[in-house]
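Chemist: Sequence:
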Amino acid sequence: MLLTTSSSRGGRRGRTAGLGGGHVAQDGQDGRGGRGGQDGRDAPGGQDGRDRRDGRDVQDGRDAPVSARKADRGRARPTCPVDRAADGTWQVHDFAVARALLRGPGTVQAGLGVETVEKLPPRVRRPVLYRDGPEHREHRRQTARYFTPRRVDEHYRELMVRIAEEQLAVLRAAGEAPLSDLAFGLAVGVVSEVVGLRYSRPGLRRRLERFFPEKFGEPGLTSVRGLYWLVRQNTNWLRVHLADVRPAVRAHRGRAHDDLISHLIAEGCSDVEILGECLTFAAAGMVTTREFVCLAAWHLFTDAGLRAHYRSADEAERLAVLQELLRLEPVIGRL
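Just so you know, we're using the working numbering here: the sequence shown kicks off at 1 and counts up by one.
If you're looking for bench data, these hints aren't it; they were derived computationally from the structure. Please read these numbers as outputs of a predicted model, since none were measured by experiment. The beta carbon of each residue, even a glycine, is placed where N, CA and C say it ideally should be. A couple of the hints might just be wrong.
Quick list of the computed label-pair ranges, beta carbon to beta carbon [to be verified]:
hint	residue 1	residue 2	range
1	Ala96	Ala320	15 to 21 Å
2	Ala85	Gly106	17 to 23 Å
3	Thr222	Leu306	47 to 53 Å
4	Gly88	Arg311	50 to 56 Å
5	Arg327	Val170	41 to 47 Å
6	Arg123	Leu319	41 to 47 Å
7	Ala316	Thr222	28 to 34 Å
8	Phe147	Gly88	34 to 40 Å
Required output: the full structure, derived from the provided sequences and hints.
Modeler: Structure follows, in structure tokens:
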């Protein structure tokens, strides 16, 4: 998704003119073809800048049926909250049932590289993402204070506003910019402050983008491709450790801060364990935030009624809209 400022023929008129082919334009400029991906740049329509929905083209931000790529609000749900799909997977359609499943003591972490984490020596503490049961809940309880709505409002709101303005300045200066890049710049800046990565060398964003590619390969020793991903994965770990985490840990050991890294140091975590936690929070806070910003923009730019309601609503109602979008299109929809 590419954001474009006003055309050279006049000032910004504030009209959104369409989403398609990975391009969002203002002031009547057409969308241009883009490439697919998982970072918010993928396009729901064709390559001619038009958003195709149900066989019809949609331009200039006019209301239309929801794209097949979005949540299907009209699809009838099974009467039972759990059913089995044709491919053998179990599907849960009820929020309360899904929450009970995820909170259940028999549900354990799978995927996201857990196989690699399981090979770590027993003395190395797993990042919170890879813990299960009481240990996981206790860690969440101890770190929850860094992410409460009140703390966000009191400690990070000004920071978020400042970084958002910096990203808008990039857009205004260049005339156009991929929304995924702007959103990632915002997420990296805010989450770095929350975690404590304030002492990084230049290039944190580029290092994180290499660490979280759109597609992961399987590291191994029995094939050229496996060796490539093994070397790449370990190289990326080393880069983030040397350029970002180690400088932050050194600074925090000299002077404590009220952030996640200082909390982990106080718990006696090693540098390697802190590295694992920092990358876990980077994935949870930076990558998914970028995706959600692009998702929300996708809905708002292609739904004139929703966009008008959002722009006229107060903060509480805007948050309600965003929470509903997150409910319809969760960060992870299949386990």
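Chemist: Decide, hint by hint, whether the structure agrees.
Modeler: Hint check:
1. Distance hint check: the CB atoms of Ala96 and Ala320 are about 20 Å apart, consistent with the given range 15 to 21 Å.
2. For the pair Ala85 and Gly106, the supplied restraint of 17 to 23 Å holds, since their beta-carbon distance comes to about 21 Å.
3. Taking 47 to 53 Å as the suggested C-beta distance range, the pair Thr222 and Leu306 conforms, at roughly 51 Å.
4. Checked against the given bound of 50 to 56 Å, the beta carbons of Gly88 and Arg311, roughly 45 Å apart, lie outside it.
5. A hinted range of 41 to 47 Å is violated for the C-beta pair Arg327 and Val170, which are about 31 Å apart.
6. For the pair Arg123 and Leu319, the supplied restraint of 41 to 47 Å holds, since their beta-carbon distance comes to about 43 Å.
7. In this structure the supplied range 28 to 34 Å is violated for Ala316 paired with Thr222, their Cβ-Cβ distance being about 55 Å.
8. Evaluation of the 34 to 40 Å hint for Phe147 and Gly88 yields a pass: the beta carbon distance comes to about 36 Å.
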